[in-house]
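**Student:** Assemble the whole structure, with the sequences as input and the hints as a guide.
Residue numbers (the numbering used here), protein chains in the order written: chain A, 64 to 166; chain B, 520 to 670.
Think of the hints as simulated: they come from the structure by calculation, not from any bench. Just so you know, these numbers come straight off a predicted model, no measurement behind them.
Heads up, simulated DSBU-like pairs for lysine-lysine below, C-alpha to C-alpha not over 35 Å straight-line:
1. A:K155 / B:K552
2. A:K155 / B:K604
3. B:K659 / A:K139
4. A:K155 / A:K95
5. B:K653 / A:K130
6. B:K565 / B:K612
7. B:K612 / A:K155
8. A:K117 / A:K155
9. B:K558 / A:K152
10. B:K662 / B:K612
11. B:K558 / A:K130
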Amino acid sequence: MADPMRIRAQAAGDKATVRVLMSHEMESGQRKDAAGNTVPAWFIQEVTASLNGKVVLTADWGPAVSKNPFLQFTVKGAKAGDKLAVTWKDTKGDTRTDEATVS
Amino acid sequence: MQTRRDILKRSAIVAGMLAGTGLFPQYALAYNKSAFEAKSVADVLKALGSSAPTESKEVTISGPDIAENGAVVPLTASTTMAGVKQVLILVEKNPAALVARYDVTDSVEANFATRSKMGQSSDVYAVAITADGKAFFAKKEVKVTLGGCGG
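**Tutor:** Printed below as a string of structure tokens:
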């Protein structure tokens, strides 16, 4: 199981800026190891964000997203105290969900 | 009468069928694999079922002019256009052009920032796809001093 994500959601007016830092290797499938064998691809494929249980954003990622991915987006109609959850799923079928409170 | 061999054979067939149905739909439903394997910007849009893109001032891409480390290039794609359903971030000269695809819902602004890998200096694109399949783009050149894709 992967390390937890770091999520910050800050409300400003009627919207909130959400910053997520995930912990993932994001192997592109292009790299070769010391012996010259290709390192198999292993990256986050799907990211879902939900506000108070309602899905607000879904994203598909390719292998070209950087290691330990960072994502920033803005949610409309979010206020302090709302629950924001982010879920990712990688190519090995591993998944992780973390939750933060909008402040 | 059923022999042991018959039963074994049948259970093997059933197991095969289960594996076939169980694994495949996962890809077919959500993740558009061909779009992420497409080499050029035009091929990506074709795989997503969109038309050829036109340049638009309402779409913006921002990132550094010169990226020292191609493994982490911060890119932001945003649009002020109404009725946008998807926002894409693409790097033209990467082994596969599409970096990320975001579904825009009513409760999220069409403004996304991600860090991306870049193999070499290239044009980067932000593409906004509207509900009727029209695509609009903005591009910017990013120079990379150290590539981040190979090894």
